[in-house]
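**Student:** Put the two chains together into one complex, using the hints given.
Order-wise, the sequence lines are chains G and X. Under our numbering, the first residue of the first sequence is numbered 1, with each subsequent residue one higher. Under our numbering, the first residue of the second sequence is numbered 1, with each subsequent residue one higher.
Honestly, the hints are just simulated from the structure, not real lab data. This one's a predicted model, so the numbers in the text were calculated from it and none came from an experiment. Check each hint, because a few of them may be wrong.
Result set (DSSO-like, lysine-lysine): computed pairs, CA atoms no more than 27 Å apart in a straight line [unchecked claim]: (1) X/Lys174 <-> X/Lys160; (2) X/Lys174 <-> G/Lys98; (3) G/Lys98 <-> X/Lys160; (4) X/Lys77 <-> X/Lys160; (5) X/Lys174 <-> X/Lys77.
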Amino acid sequence: MQYMFLIYGDETAEARQSADERAAVLNEYFAFAREARQRGMMLAGDELQATRHAKTVRKRDGKLTVTTGPFAETREQLGGFFVLDCQDLDEALDMARKIPAARHGAVEVRPITTYERR
Amino acid sequence: MQGLAQAIERIFYDESGRILAALIADLRDFELAQDVLQDAFAVALVRWAEGIPRNPAGWLYVTARRKALDRLRRDSKHSHDPDLLDALASADTVSADELDSIPDERLKLMFTCCHPALAREVQIALTLNTIGGLSVPEAARAFLTEPATMAQRLVRAKRKIRDAGIPYDVPPLKALPERLETLQAVIYLIFNEGYGATHGEALIREELCIEAIRLGRILADLMPGAESLGLLALLLLHHSRRRARVREGRLVLLEAQDRALWDKAEIADGIALLDRALELRQSGPYQIQAAIASLHAQAPDSASTDWAQISALYGALYRHLPSPVVALNRAVAIAEAFGCETGLTRLEALGEDAFMQRYYLYHAARADLLRRSARYTDALAAYQRALDLCQNAVETSFLAGRITEVKAIIQG
Chain G
1 MQYMFLIYGD ETAEARQSAD ERAAVLNEYF AFAREARQRG MMLAGDELQA TRHAKTVRKR
61 DGKLTVTTGP FAETREQLGG FFVLDCQDLD EALDMARKIP AARHGAVEVR PITTYERR
Chain X
1 MQGLAQAIER IFYDESGRIL AALIADLRDF ELAQDVLQDA FAVALVRWAE GIPRNPAGWL
61 YVTARRKALD RLRRDSKHSH DPDLLDALAS ADTVSADELD SIPDERLKLM FTCCHPALAR
121 EVQIALTLNT IGGLSVPEAA RAFLTEPATM AQRLVRAKRK IRDAGIPYDV PPLKALPERL
181 ETLQAVIYLI FNEGYGATHG EALIREELCI EAIRLGRILA DLMPGAESLG LLALLLLHHS
241 RRRARVREGR LVLLEAQDRA LWDKAEIADG IALLDRALEL RQSGPYQIQA AIASLHAQAP
301 DSASTDWAQI SALYGALYRH LPSPVVALNR AVAIAEAFGC ETGLTRLEAL GEDAFMQRYY
361 LYHAARADLL RRSARYTDAL AAYQRALDLC QNAVETSFLA GRITEVKAII QG
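Here chain X stands alone, though its shape is the one from the complex (with noise of 0.2 Å):
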């Protein structure tokens, strides 16, 4: 029974969404369609007993149907659509050993999840729980939210869809572009959510970067633009180093980290995407951000690393994303390939801006440059400022080592 409780557990994982999507497709309902969803998987764990159907999706999908039609057909409250259901009565004589294959309505469902009149939170939470396979509880754990609250956020996002009548479809051409960056950012947001944040347990962590890791997936595979291979690229280069990026608990910089432990099969993985995102020739801010993450990856230290062509790409990416941040990156790029004076000039240029004045990323970069310019007065100065910014546990015990060594050498 263990074994067959696990392998329920497994198809709910691998099919969930698609089984999902086409049954929201049918019922144009969120909530019945989860609910039935379930219901068959109930029905599962009973039937299943006796064996695994040869095509469990299909026999999951046919059942959840079938749980549907009877459902609306004792729901006497309300009246339902004739035509609904007629289509699932005319469907219900359709076995699971009939049916070739569930229709894949996956790029409908995330485009709805993502659709503009749903606010961002709102946007990711749907989406990691009905594409992605995260239950209530989960995507209440990742956002540090009691499951009841998250449960009343899904209900009504579920309910604002029925009746604002948000369309369950692929947008129309003229409105793509715009809504597949919305999408873009819901995917890149849930991997940021488990890759930088500074909260939360870190197995459900690293649970939202590999759903969004699926996500990415799902969409590049369905709809292979450049952007949205380019945003997988960069989602598994970065993943590649998760295990290099801490060590007893503290945050590792790129330059320190212990190469070996890089994820060989994801980096190639990473790199053949970007390639074949680049041959589309339409050049955007994921593409250039894997760009940089893959000369950061076939670089075997971060002496060796290409740092000339990473400043150039980051001038690139500023041309995009105009931003004091990738700004700041450029600079330090400068420094790395053209010598610290080289970046300090530039940083000083930036240093003008209000914001980098109160940016904490930007004192400790320049006092980094100071300390190894062996400018070490100035370099206590700028990391003092740094840790007086900083609002980041892991961020601020580093700053302080570093003000540690740099008053031991200024003293000794």
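For reference, chain G alone in the conformation it holds in the complex (with noise of 0.2 Å):
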């Protein structure tokens, strides 16, 4: 089964962030994903720009509307992703305690439906 992780956590304290501390966090993730792609489970998997990149598009009432900033203000933002495939939730709240943000942030563990590609 298919799994996406959204990574939380707040970009204003990691912006904070010396070059060294940053290094580190990148470390760990890096052995995170070297053991995703070991044990054959990575599909996808980064880091996103921070959310004064993000734009939000709506279509109402045929009116089209785009603002700057994501969806909601919330004091955590989504910051990466992963989608793996393990085989079943248990391994997949596995793999989620061992991200990172799971210690300082959050990691949201949501179950993919997959469609077949046309």
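**Tutor:** Set out below in structure tokens:
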């Protein structure tokens, strides 16, 4: 089964990190990604740029609006993701536990309903 | 025909959990497994008029699998796992008479129903409806919800198991202790809902207790760990008092119960299970509570109960479950063992806790000790405080009775 791991953290706090701190966290992410690849789970995974680069698009009554920023302002922002192929929910939760953000932010695990590619 | 329907009902009650568990293992789909099991019972109702097969459960299992194969082949909207269809088709050549036994997958079913990704009330409902023998309307009645609400809760849960990929398996060793605790807690809650609830119909409450005992027995048979044995012992020892607990619609306290009404066979069964648990030398809260219940069960009356031992056991229980309720029970046992004054001193110390001050049983216990020490004015105030805080109709009437008694003594 495919699961998406949505990685939440406080991006203003992350922006204040020193280069060393940032490198340490990145290395943990690289190690995690390496493990996921070695176990044949990795389908996708990357970091998202800061929410100030986000555009939110809505179309209502035929009128298109594009606003800057994410859909909702929250204390923690979506900062990255993985898509992994796991045996079952237990394995997915076990992987989620290993993502560094589980310690200082939060990791949301969502099963993916896969549609056949047409 | 009447006899056949009854026989089938009996077989459903005894065997459906086991057949369903095996079907889910084959089909990996709760809804489909329950549907085809229903189909199989419908066929049985017609075919068995000529005679009940030698191995009814095996017959039902084989028939249900055949029904599943039919359904999956007919359903062209979805593409189905070819391996599953092959497996079902090749299994289809085995007749019920050739089948030695249905594989016992009930542990997998129990652990899946009690997966931590499901909310507690969902775990309970699903356990009762699959491994247990409660239909949707029965489960709804037991939890005072509409059948439609209960049905929807169960359908959602079954879809969640499928869509979120909740595994159908016994958890790996490192996760086992925690998962086992959840399973035990669910069984214990089902029992308490039946035993302690002050609402609902008496009949369905009794059914819940019996279901919990049945589930506890399955767990203790398939995975006989110390706490699972202890849990089953505890349920049996509590259940043994059921006939003495209520008199004319009123709750009878342990010390006032007619012990001749206690179920001797259940007590013996419970004590034997507890002995088996204790031999494993892994202490735990269910075993300790069962040990307390067994001391009550073995005492000919309240006065000759081994209260010193009980107070020590409550002390041990408090280390596992440091709750105000356990602390209170311990103080009451101390009062029985070492006198009201010692008990009252202990209670005064507990009373510094804000929770205790709002807890009616604290005031009721204190009132009782004050009354027995002939400090009637203090007792009256404490009973009044307990009454003000109490929300339970049966207990309220009990407290009101005590207040009348104490007032009569003061004025007397």
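**Student:** Hints first: check each against the structure and report whether it holds.
**Tutor:** Structure-based check of each hint:
1. X/Lys174 <-> X/Lys160: holds (24 Å)
2. X/Lys174 <-> G/Lys98: The given pair, whose Cα atoms are some 16 Å apart, holds under the 27 Å limit.
3. G/Lys98 <-> X/Lys160: At roughly 24 Å apart (the allowed maximum being 27 Å), lysine 160 of chain X and lysine 98 of chain G satisfy the hint.
4. X/Lys77 <-> X/Lys160: holds (21 Å)
5. X/Lys174 <-> X/Lys77: Between lysine 174 of chain X and lysine 77 of chain X the Cα gap is close to 41 Å, so the pair fails against 27 Å, i.e. violated.
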